[in-house]
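Undergrad: Each protein sequence line maps, in turn, to chains W and V.
Per the numbering used here: the first sequence = residues 2 to 114.
Per the numbering used here: the second sequence = residues 1155 to 1267.
Treat the hints as calculated values from the structure; they're not laboratory data.
Remember, it's a predicted structure, so these values are computed and weren't measured experimentally.
Be aware that a few hints might be false.
Said to hold, decoys possible - Here are the computed lysine-lysine pairs in the DSBU-like style, where the Cα-Cα straight-line distance is at most 30 Å: (1) V:1211 / W:101; (2) V:1237 / W:101; (3) V:1211 / V:1168.
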Amino acid sequence: GQQLNQSPQSMFIQEGEDVSMNCTSSSIFNTWLWYKQEPGEGPVLLIALYKAGELTSNGRLTAQFGITRKDSFLNISASIPSDVGIYFCAGQPGAGNNRKLIWGLGTSLAVNP
Amino acid sequence: DGGITQSPKYLFRKEGQNVTLSCEQNLNHDAMYWYRQDPGQGLRLIYYSQIVNDFQKGDIAEGYSVSREKKESFPLTVTSAQKNPTAFYLCASSQISGANVLTFGAGSRLTVL
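Isolated chain W (complex conformation) (with noise of 0.2 Å):
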């Protein structure tokens, strides 16, 4: 199936460094989501956005959907040792049958303390 270009595939960072990845899609996207998962357990929504252009903060983190609608981006501003784990964008390209997520192959984040 198709999947999105998530990049960097991983990162090893200090902690009190901020964390940028972002993903790139070759068609446009009504929905962009940027989940975490941890070892062992299932991803967890962090930010969705819905239309271009659109910047949303959760905390630390930032999250923006291009507007070209064809990317998005996950920022991590001062990160800290609970941030590890790997990250996974994921599109919707539409409605109907479109309403299914393409995801990203992940980033996976390490912090050293």
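Take the given structure of chain W and dock chain V to it, following the hints.
TA: For chain V alone, coordinates are given in the frame of chain W:
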């Protein structure tokens, strides 16, 4: 609290055996999904259902079967025809109106011995 419950969390089975993974939700969501997760491959859709007594194949349905007899329940059977069943299985649900924002269960890890 509303949520999705998957059971069992860990399951071992011998080759040639069928096994059924349970998924129950009390979010009053109409749509339910099963994903398979392997290291480095992200989330792959197995089956989904948008209404009771109806379901559709996802991208990797071969070797799996589902039923949707009740709105709250969407069990997945991993049959002996699935060539490589060892994986982490995630159940999710969502509303069928508006954006397709998924809520996930905690996952079930199946290991074939």
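Undergrad: Look at each hint and say if it fits the structure.
TA: Taking the hints in turn, this is what the structure says about them:
no.	hint	verdict
1	V:1211 / W:101	holds (12 Å)
2	V:1237 / W:101	holds (25 Å)
3	V:1211 / V:1168	holds (26 Å)
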